[in-house]
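There are 2 protein chains.
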Amino acid sequence: MPRTGRRPGTTDTRERIVAVARGLFGERGLDGVSVRAVASEAGVDPALVHHYFGTKQRLFVAAMELPFDVQRMIPILLTGPPEETGLRLAQIFLSIWEDPVTRAPLLGILRSAVTDPGAAEMVREFVLTHIVGPIVAALGTSDPDLRVTLIGSQVIGLALGRYILKIEPLASVSRETIVAALAPTLQRYLMDPLDLP
Amino acid sequence: MPRTGRRPGTTDTRERIVAVARGLFGERGLDGVSVRAVASEAGVDPALVHHYFGTKQRLFVAAMELPFDVQRMIPILLTGPPEETGLRLAQIFLSIWEDPVTRAPLLGILRSAVTDPGAAEMVREFVLTHIVGPIVAALGTSDPDLRVTLIGSQVIGLALGRYILKIEPLASVSRETIVAALAPTLQRYLMDPLDLP
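Just so you know, the sequences run in chain order A and B. Just so we're aligned: the first sequence equals residues 1 to 197 in our numbering. Just so we're aligned: the second sequence equals residues 1001 to 1197 in our numbering.
No lab work stands behind these hints: they were computed from the structure.
Simulated pairs of lysine-lysine, DSS-like, Cα-Cα distance not exceeding 27 Å:
| # | chain 1 | residue 1 | chain 2 | residue 2 |
| --- | --- | --- | --- | --- |
| 1 | A | 166 | B | 1056 |
| 2 | B | 1166 | A | 56 |
| 3 | B | 1166 | A | 166 |
Some, not all, of what chain A presents toward chain B, calculated at C-beta under 8 Å:
| # | residue |
| --- | --- |
| 4 | 165 |
| 5 | 167 |
| 6 | 194 |
| 7 | 196 |
| 8 | 197 |
In silico contact screen, one side only, chain A against chain B (beta carbon under 8 Å); selected entries:
| # | residue |
| --- | --- |
| 9 | 113 |
| 10 | 114 |
| 11 | 115 |
| 12 | 120 |
| 13 | 123 |
| 14 | 124 |
| 15 | 149 |
| 16 | 156 |
| 17 | 180 |
| 18 | 181 |
| 19 | 185 |
Even glycine gets a Cβ: it sits at the ideal position worked out from N, Cα and C.
This is chain A alone, in the form it adopts within the complex (with noise of 0.2 Å):
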């Protein structure tokens, strides 16, 4: 008899299925969490969850759906006056880093990809399509793939330093510490001249 009423193919146990494995790969990155693991954690039959994805890369990429829309901070990113546009940024990305829930999942993909090239691939693809390309499409200076990357490189790293290797005082400095500090440098990668060689 089914716990709690849902039968399994609805589209509620595939939510279920993909809030698990968002969670355990937030845990244990792609190599530290099975299928089975998965439709364990979930209530589910193993089958259930290949029925579904197919293969647990394929799991891992639906997991991977941001818990945020990038095509809903361009018009914040655009409001405003241009010189605190890189403020706005930095406002962004840690309203979205400091809280745990959505975190987790951007936590789960960075260990992945670190770690095992399939992953480091497939978060490739999906920081192409799905960050760079509708922030570039937005910004209006030069170089800009390179400039959304250096943004990505120091945030990342940011990232890293404050929530997985937790280096001191970054990791507990407060939130409006780490927006001072990262503003400028996010406008001078959005807005002004890079002066490249």
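With chain A's structure known, arrange chain B on it following the hints.
What follows is chain B alone, placed relative to chain A:
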């Protein structure tokens, strides 16, 4: 009969084990390498590895010895126009990261620290004592600890994007382009007012 005339227990053998371990940790991270695998590739008995290093974690620490000397970087950093300190630091970092020989152990450290809390703890200790400490001592600015960890966040994020995730165009632009893009960021983190709240 020993293959090379070396006797087990010589400094030579110990260094060979460390070199092999550095290579394997660099490719696969702490979790992906066994003492047995290191011993096998070094052509020694696993018991000898345990004799020298005790545990895999201590072997990791030995292999983690950075392939450059932070103390020697300090005078280079402090010699020349102060407003070009960020540029010199960017050049030093890139000279280390662009050389496959010095890059390999750093990537190994990074991969291990991201996925293994024990390795993260060791890296944290190591970074604080051997990198942050000397640089902080050489800086005469406010918030030196925060400044050094901000620099670390940018440099680690760059390494992740360029050498591990290989996100374009960050992965394939010239070393000089990266130096030019990073120098003002590092300069600000090193010396400019941070305007913290």
